[in-house]
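Chemist: Just so you know, the sequences run in chain order A and B. Residues in the first sequence are numbered from 1 upward in steps of one, following my numbering. Residues in the second sequence are numbered from 1 upward in steps of one, following my numbering.
Treat the hints loosely; a few may be bogus.
A partial selection of chain B residues facing chain A, derived with a Cβ cut-off under 8 Å [to be verified]:
#1 K125
#2 A127
#3 S200
#4 R202
#5 L203
#6 K206
#7 R209
Using 20 Å as the maximum straight-line C-alpha spacing, the simulated SDA-like pairs for lysine to any residue come out as follows [said to hold, decoys possible]:
#8 B:K198 - A:P160
#9 B:K198 - A:T154
#10 B:K206 - A:N137
#11 B:K206 - A:S128
#12 A:K296 - A:S128
What follows is a list of derived Cβ distance ranges for each label pair [said to hold, decoys possible]:
#13 B:S248 - A:N475: 30 to 40 Å
#14 B:A17 - A:K297: 53 to 63 Å
#15 B:I265 - A:G503: 49 to 59 Å
#16 A:R5 - B:R160: 51 to 61 Å
#17 B:P254 - A:D280: 49 to 59 Å
#18 B:P254 - A:E456: 50 to 60 Å
These are calculated hints, taken from the structure and not from any lab test. Here the structure is a predicted model, which means the values were calculated and not measured. Where a beta carbon is used, it is the ideal one built from N, C-alpha and C, also for glycine.
Below, each chain spelled out in residue letters.
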Amino acid sequence: MTEEREHYEAVVVGCGPGGAAAAARLADHGVETLVLERGVEAGSKNVSGGLIYAEESAPYTIDDLFEGFREEAAERPVTDYQIHNIAGNKVKSYDLTDLHEHDTDWCDAVLRRKMDSRLEARVHEKTSETGGGVLTNVRVNGLLRDDGEIVGVTCDELDPIEADLIVAADGVNSELARDAGLMDWEEPDEWFQGVKAVVDMEPDVIDDRFDIDEDEGAAHLFSGDLFEDVRGGGFLYTNEDSLSIGTVFHLDSLVAEQAEPHELLDALLTHPVMAHWLGDEYDEREYGAKLVPDSKKVAHREPYRDRLVLVGDAAGQMQAQGPIIKGMNHAVTGGALAADAFAITRGNADPEAAGRRYAKLLEESGTMDKLRPRRYDLARTVGERDVVTNAVERVLDSRVGSLALGNPVADRVLKRAYNSPFLVSMIPDTRTGYVTVPAIVGEEHGRTIRWENGVEPPSLEARIGGLTYDTDVGNPHIELLDDSAEASEAAVYACPVSAEDFGGGCYRTEQVQTNGDEETVVSLDTQPCVECGTCAIVADTAWEHPRGGKGVEYREG
Amino acid sequence: MRSLVLTKGVPDFSEGAVSFDEDGHLERGKTPTVMNPNDEFAVRAALQTKVRHGGHVSGMSMGPPGYGDVLQEAMESVYTDDSYLLSDRELAASDTWATAITLSAGIEKYREEVADVDLVFAGFKTADGETGQTGPQTCWALDWPIVTHVIALDIDPDERRLRAKRLVEGDVDEIETVEAPLPCMVITDPEFEPAYRKASHRLTHKRLRDETEERAADHDEHLTTWDHVDLNLDPDYIGLDGSPTIVSSVDPIPKAPSEREATMIDPHDGDAMEPVLEELQPFAGSD
Numbered sequence: 001m002t003e004e005r006e007h008y009e010a011v012v013v014g015c016g017p018g019g020a021a022a023a024a025r026l027a028d029h030g031v032e033t034l035v036l037e038r039g040v041e042a043g044s045k046n047v048s049g050g051l052i053y054a055e056e057s058a059p060y061t062i063d064d065l066f067e068g069f070r071e072e073a074a075e076r077p078v079t080d081y082q083i084h085n086i087a088g089n090k091v092k093s094y095d096l097t098d099l100h101e102h103d104t105d106w107c108d109a110v111l112r113r114k115m116d117s118r119l120e121a122r123v124h125e126k127t128s129e130t131g132g133g134v135l136t137n138v139r140v141n142g143l144l145r146d147d148g149e150i151v152g153v154t155c156d157e158l159d160p161i162e163a164d165l166i167v168a169a170d171g172v173n174s175e176l177a178r179d180a181g182l183m184d185w186e187e188p189d190e191w192f193q194g195v196k197a198v199v200d201m202e203p204d205v206i207d208d209r210f211d212i213d214e215d216e217g218a219a220h221l222f223s224g225d226l227f228e229d230v231r232g233g234g235f236l237y238t239n240e241d242s243l244s245i246g247t248v249f250h251l252d253s254l255v256a257e258q259a260e261p262h263e264l265l266d267a268l269l270t271h272p273v274m275a276h277w278l279g280d281e282y283d284e285r286e287y288g289a290k291l292v293p294d295s296k297k298v299a300h301r302e303p304y305r306d307r308l309v310l311v312g313d314a315a316g317q318m319q320a321q322g323p324i325i326k327g328m329n330h331a332v333t334g335g336a337l338a339a340d341a342f343a344i345t346r347g348n349a350d351p352e353a354a355g356r357r358y359a360k361l362l363e364e365s366g367t368m369d370k371l372r373p374r375r376y377d378l379a380r381t382v383g384e385r386d387v388v389t390n391a392v393e394r395v396l397d398s399r400v401g402s403l404a405l406g407n408p409v410a411d412r413v414l415k416r417a418y419n420s421p422f423l424v425s426m427i428p429d430t431r432t433g434y435v436t437v438p439a440i441v442g443e444e445h446g447r448t449i450r451w452e453n454g455v456e457p458p459s460l461e462a463r464i465g466g467l468t469y470d471t472d473v474g475n476p477h478i479e480l481l482d483d484s485a486e487a488s489e490a491a492v493y494a495c496p497v498s499a500e501d502f503g504g505g506c507y508r509t510e511q512v513q514t515n516g517d518e519e520t521v522v523s524l525d526t527q528p529c530v531e532c533g534t535c536a537i538v539a540d541t542a543w544e545h546p547r548g549g550k551g552v553e554y555r556e557g
Numbered sequence: 001m002r003s004l005v006l007t008k009g010v011p012d013f014s015e016g017a018v019s020f021d022e023d024g025h026l027e028r029g030k031t032p033t034v035m036n037p038n039d040e041f042a043v044r045a046a047l048q049t050k051v052r053h054g055g056h057v058s059g060m061s062m063g064p065p066g067y068g069d070v071l072q073e074a075m076e077s078v079y080t081d082d083s084y085l086l087s088d089r090e091l092a093a094s095d096t097w098a099t100a101i102t103l104s105a106g107i108e109k110y111r112e113e114v115a116d117v118d119l120v121f122a123g124f125k126t127a128d129g130e131t132g133q134t135g136p137q138t139c140w141a142l143d144w145p146i147v148t149h150v151i152a153l154d155i156d157p158d159e160r161r162l163r164a165k166r167l168v169e170g171d172v173d174e175i176e177t178v179e180a181p182l183p184c185m186v187i188t189d190p191e192f193e194p195a196y197r198k199a200s201h202r203l204t205h206k207r208l209r210d211e212t213e214e215r216a217a218d219h220d221e222h223l224t225t226w227d228h229v230d231l232n233l234d235p236d237y238i239g240l241d242g243s244p245t246i247v248s249s250v251d252p253i254p255k256a257p258s259e260r261e262a263t264m265i266d267p268h269d270g271d272a273m274e275p276v277l278e279e280l281q282p283f284a285g286s287d
């Protein structure tokens, strides 16, 4: 009883905002669209900071595609935006409203399980009308090829499926982008890693502590010396009945400083600046982690191959420039443009017609320049060279530097500089911007905070214990290829669910006696894995996603 | 394709739900009735057939009027289209023989008045009677082919044949592949696993689930009840009068006596823990 291969006009892999936007737009064009999502429900595999923006200049926003999105799927809108420069207990805060409102129609905090699952339901409705639909618990594990040309996808749970368009919206660890040779895992400096705690809080307590109304929300950013020399920062966003508090760091910096991500998060949670927001009762609902591509370096200018197009994180479409952190909105734009590109070129015999048009639309809509600003490329060539960095650091660390940044004029200038989208897009990714300047600002202009912070963050063990897993017993999704300390030890501290001297995480080191020599080897247990992908970059692994429905299941995200 | 699923209500033997009196007899009144757990596999097979080949699936049960709930449960779990309950005081206390006569009469009436049937599915035994006879006896009364212990099922609607894998348990478990013409009765094994390897099958499955949610909420509107008059059955050959087997008595299985002595020790009481630690020391593995 052999049957022919199944065929859909379009297959969308992943039902996050990028996949959802692509699928919804494809359905609008009357395209028969199948959406495959590996989570038990869309959103169960996702973590974001997370703010979602609707940019005035963007060709598509999420509420264009999903009417009523904000009421149905989002948390609070951001109405108060600040950055805090921290030096010890001294804090200097700047209002970032001007920067935040630049090109912003609206901006809401979101929790991904709620947001993505609502999108999934809408996408299923829409795609069902054109002969497709959304299937969950299905992991797409690779590309189907015919004579070397990409013609479809292969799955763990389903027989191979052919399609005229394949949209890889399968996230930062895109197996399809890697299969197509469009993504590698080599350079830690192309990535950020974020960890986040969702903290339970009654809505009226949030209103009270952040001095906002029930339909308002706050966003706070933190930088300075509270993370020592690790390049990155912290954030706090208000949800309807919880807070999202997290930290995001350059992965190469985490590795260089041998920093433990969960400890950096704890440094933020226990800083005096948080005391009056968190109060005495700290109830962490969920701990999560995510790898973030740095679009300045990895956003694909040509994110396609044959019938495959990449969307969102899979295409490196995640903009992080100083205090500007925008990912989901660009994924939405990317998804919708990919769908439009297919609709325009439908019926064209050239398999790359849609892909080429998609790249052109990204360019023409100005999206690519937001992701990879030319200004940054220019500034980077000088700004990120060690010689320059060291020289700037030496000046700033001196009396001259303190004097320069410490006078009242500098205070005003700095506030303006932080609020300038033009300047922010040029900030080089060195410790100067993340640590040195904020710390001097805090020291020179800040006021000392004497609040007692009584927060006791849960241990890593308790955080792992609080997560939901459906472990694929006997079928681990990551294989450690080289267990030498040299190749893979970085995973022990960089992995957000591993730590030195903690045996219950993914990675640990062990001393092994071999022929009289003692050797340090790294061992792996994938059970506590949160599927962030960090270890794929900092250690020598064969890294895949778990099968459909297996692995970690985020309830908040 | 047109299928019928036979299901039975049984006492809910799960922990906490089941109730026994002082003599160890089941208290039916205090124990809720649920769909026989083994029928779950029959309904999965019926659903797989519906998902892959389309068509209509009806649930059928014999029992008191309250068994409509069991058919509703079948509808919710396997998306049957409608339900048929064979219910009558005259049918009370039927053994497997009388039940098979009644069910086969129900199936014949369904074929005459509703639609011809390609497949009848049943579980391999009930959780209360445990005889495993009713399915085969019903099939004997219909004079159809029967395939038992089915763990995987493929149907070729054009050829009107089925191919099934059967689990044959013995000293060595074997899997036997058999073919049979339709109409046919299929008795599923608890190892039965539905297979949905096509996206279109999974989409159909999802659509059926959504449609069923609405239908199951108004289950009574989809329930047809037939009594012995409707089924044209002689009261002498059904119910207690038509049952050749009689359960003379039921004895509880005596519990194994506990031969071990147990002492409770507070782990925080250092003195009391001392002998325990001494006992354990030889197993500790250190010096």
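Chemist: Please go over all the hints and tell whether each is borne out by the structure.
Modeler: Hint check:
1. K125: 30 Å, violated
2. A127: 28 Å, violated
3. S200: Given a least distance of 6 Å, the restraint on B:S200 holds.
4. R202: Holds - the Cβ of B:R202 comes within 8 Å of chain A, reaching about 5 Å at its closest.
5. L203: This interface hint holds because 5 Å falls under the 8 Å limit.
6. K206: Hint on B:K206: holds, closest Cβ of chain A at ~6 Å, below 8 Å.
7. R209: The hint is violated - B:R209 has no Cβ within 8 Å of chain A, the shortest such distance being about 12 Å.
8. B:K198 - A:P160: Given that 20 Å is the threshold and the Cα spacing comes to 9 Å, the pair holds.
9. B:K198 - A:T154: Satisfied, since the Cα-Cα distance of roughly 12 Å is no more than 20 Å.
10. B:K206 - A:N137: 12 Å, holds
11. B:K206 - A:S128: 11 Å, holds
12. A:K296 - A:S128: 37 Å, violated
13. B:S248 - A:N475: 30 to 40 Å: Violated, since B:S248 and A:N475 (Cβ atoms, about 52 Å apart) do not stay within the stated range.
14. B:A17 - A:K297: 53 to 63 Å: With Cβ atoms ~60 Å apart, the hint holds.
15. B:I265 - A:G503: 49 to 59 Å: 28 Å, violated
16. A:R5 - B:R160: 51 to 61 Å: 26 Å, violated
17. B:P254 - A:D280: 49 to 59 Å: For B:P254 and A:D280 the Cβ distance comes to about 58 Å; the hint holds.
18. B:P254 - A:E456: 50 to 60 Å: 54 Å, holds
In summary, the numbered hints that this structure violates are 1, 2, 7, 12, 13, 15 and 16.
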